[in-house]
Amino acid sequence: MSKLYSGAEIVFKCLEDQEVEFIFGYPGGAVLPIYDELKNHNSIKHILARHEQGAGHAAEGYARSSGKPGVLLVTSGPGATNAVTALTDAYMDSIPLVCISGQVPTHLIGTDAFQECDTTGITRPCTKHNWLVKDIKNLEKTIHKAFEVATTGRPGPVLVDIPKDVQFQKASYTKFKKQKKPNGKVHNLFSQKDIDQLINLMSKSSKPIFYTGGGVINSGPKASELLREIVNITGFPITTTLQGLGSYPGEDNHFLGMLGMHGSYEANNAMHDCDLMINIGARFDDRITGKIDEFSPKSKKVHIDIDPSSINKNVKVDLPIIGDVAEVISSTIRTIKKVRPNFAKSNNQKISSWWEKIQKWRAVKSFDFINSTETIKPQYAVQRLYELTKNKDTYVTTEVGQHQMWAAQHYKFNKPNRWMTSGGLGTMGYGLPAAIGVQIAHPKKLVVDIAGEASVLMTMQEMSTAVQYSLPIKIFILNNEYMGMVRQWQELLHDKNYSESYTAALPDFVKLAEAYGCVGIRAEKPEELDDKIIEMINTDRPVIFDCLVDKQENCFPMIPSGKPHNEMLLGPNDQKAKKITGKGKTLV
Amino acid sequence: MSKSKSAYSTPGKVGKFDTHIIVVWVDNEAGVLARVVGLFSGRGYNIESLAVAEIDQKLSISRITIVTTGTPQVIEQIKLQLKKLVPVHKVADFKREDKKVIFKEMALFKVVGNNLKRDKAIKACKKYKAVILDKTNKSCVIQITALRREIDLTVKNLKKYGLVSVSRTGAVAMTRGSEIFK
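Chains as they are written, first to last, in the numbering used here: chain E, 1 to 588; chain U, 589 to 770.
Take these hints with a grain of salt, some might be off.
Claimed, not checked - Listed below are several chain U residues computed to face chain E (Cβ distance under 10 Å; list not exhaustive):
#1 Ala622
#2 Glu664
#3 Lys671
#4 Lys683
#5 Lys698
Calculated from the structure, these hints are not laboratory results. Backbone N, C-alpha and C define an ideal beta-carbon position, used for all residues, glycine too.
Work out the full structure, taking the sequences as your base and the hints as a guide.
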């Protein structure tokens, strides 16, 4: 008879066979047997967060920067509900997470027991799939299946809910061999005919554009290399979504910058005027398309995506190609090389007037801003941060708001997996815990959270986690005392009625840093910024950097809601928005 | 500019709505119906009727038949989203006008009244394979199987004959001929 293991032991045996190195979590009554077992498994390190949401975002940061699934361990009831924001965030941005939650014993389920909640019911719409394991015999196969579902096809979060009595019950365990290429539900559904059709469209086009997204990052580093190759072969311009930043070098001449609501003038105009749009791993999100009816009216649209339900969801496309991005690009490159070896040469002339047009849009310099010698402009702060960290293979996370958009506009990425931001759900408080997860995955690298003071306060408690594990993350706060993006919308769309967007009693972030046992640095004037940033980089401990920036700065360019791509608002030179004075801002 | 006060885009043009019957084969496991129904409510799709039961005890497969309305784009999304659910095996989609498919609903009517009224009620149901399931000297329970609109009509008709209670199933569907949906 084979050896019997407790449910808690089986959980760890599964994690070991899945080659899990880190779990992010928070203990509680219903997961105590699993926590009790932790000591017997040296290959797995537990990172204790201060809130389950923080643990979830840390697991996301770990997953996004490493390409491995993030593992989250929480207790029943509030533990599970606190994890819901992180699970939803991971669902929207297609991040593989495996959440293991404790549940009250099976005989108490449905009795409104202490710390009971319908975890699988609550998380059903925010996971790819979830399971309540009521029988110990199903535990092993359920956990392995959970990893498979999370990591195959379009990745996403899953949850396994394990009642406390199941954690004590015993069953046998057979060693699991992790397959190199797990055969998930989604296969490559494209054929050579699709590729031929794509190449046919590409060779006919005189105004093409690549529009790429997070799918390229999710497909693995090889996809980013292939993307560079295909841009190189074709000479087509490329723009990426917020999530796609890093899949193509940010300083390359073919790169038009990010597109969308706060994307570059050249990227958005090129999207509007193109005759061929090749969407690779992006999903025609509303922040990208603007007004759907007037979205890129003259183009043929190709959509390459691993998720069949992404096709024709928001925008009708002419050629859908369903498959893994890396494999689609690689067979496209193979075919081009075979049937049109001098594609680039023959094509250069055809698209040269298109490039001329793009250069004209580029000359508008839509990311420009009016710098100041008095106050630090937030864009200037991001630019200086970039210049001073660009040679360091830096990992950047962000919170959500104006600072996030400025970071996306002014920080240039050369490699995938270096940029972690909450795009789909737009979760304020994402960046700090995500930075913790990134630093866990890359202990020797510089990890910076470009933050806003409002967002970062939502998960500030995780500084304590960073200090506990000596994670030298840098929280670079662009502090304008406002929920900047809310304030910007109110200024532009709500007659400057700044309803509840000013935080009147902010903490002293330098003292707060000291209270957490890390380092606080403040920069108030443009001339001291560089020295302070260098001081931050050279500090081998967690840092909260309080960068006091212009309070009225707005994020431009901008496509106002419900407008097409070619009706962008440019920066302050373009419009004469009256600025409010510093006095009385608590009153407005 | 000041007209648009929403951070979200304005809705685009809405296409024509069609009625479709979606048939879903699923693993008969806890929560599977909630997953399917939750997908509809979460994404704002309609459900006009729903019928579900286990059809294979050995493999533990249930068949869910959903009548829904939507634009062609929405119907396509419904199918693709359903196929992504882990316990879903296959998804079939039929237009209501499709002649190759049989649709049937069942209804039970309780009629209370004198002999004359009850007889008239039974007569009104005759063309829908009426079966009398229960009879007293004051009442009867009639079962019919028919299409949705036929049942709607019958309900209307029976009102004057003392209809006091109606119970109906959702539609179930099957293709005609020897073919089955794979």
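* Asked: Is the interface hint for Lys698 (chain U) satisfied, with its Cβ closer than 10 Å to some Cβ of chain E?
  -> Violated. Min distance 34 Å.
* Against chain E, with CB atoms and a cut of 10 Å, does the hint on Lys671 (chain U) hold up? -> Holds. Min distance 7 Å.
* Minimum Cβ distance from Ala622 (chain U) to chain E below 10 Å? -> Holds, because the Cβ-Cβ distance from Ala622 (chain U) to chain E comes to roughly 7 Å (cut-off 10 Å).
* Asked: Measuring from the C-beta of Lys683 (chain U) to each C-beta in chain E, is the shortest one below 10 Å?
  -> violated (18 Å)
* Interface hint for Glu664 (chain U), Cβ within 10 Å of any Cβ on chain E -> With a closest approach of 6 Å, the Glu664 (chain U) hint holds.
Hints 4, 5 from the earlier list are contradicted by this structure; the remaining hints agree with it.
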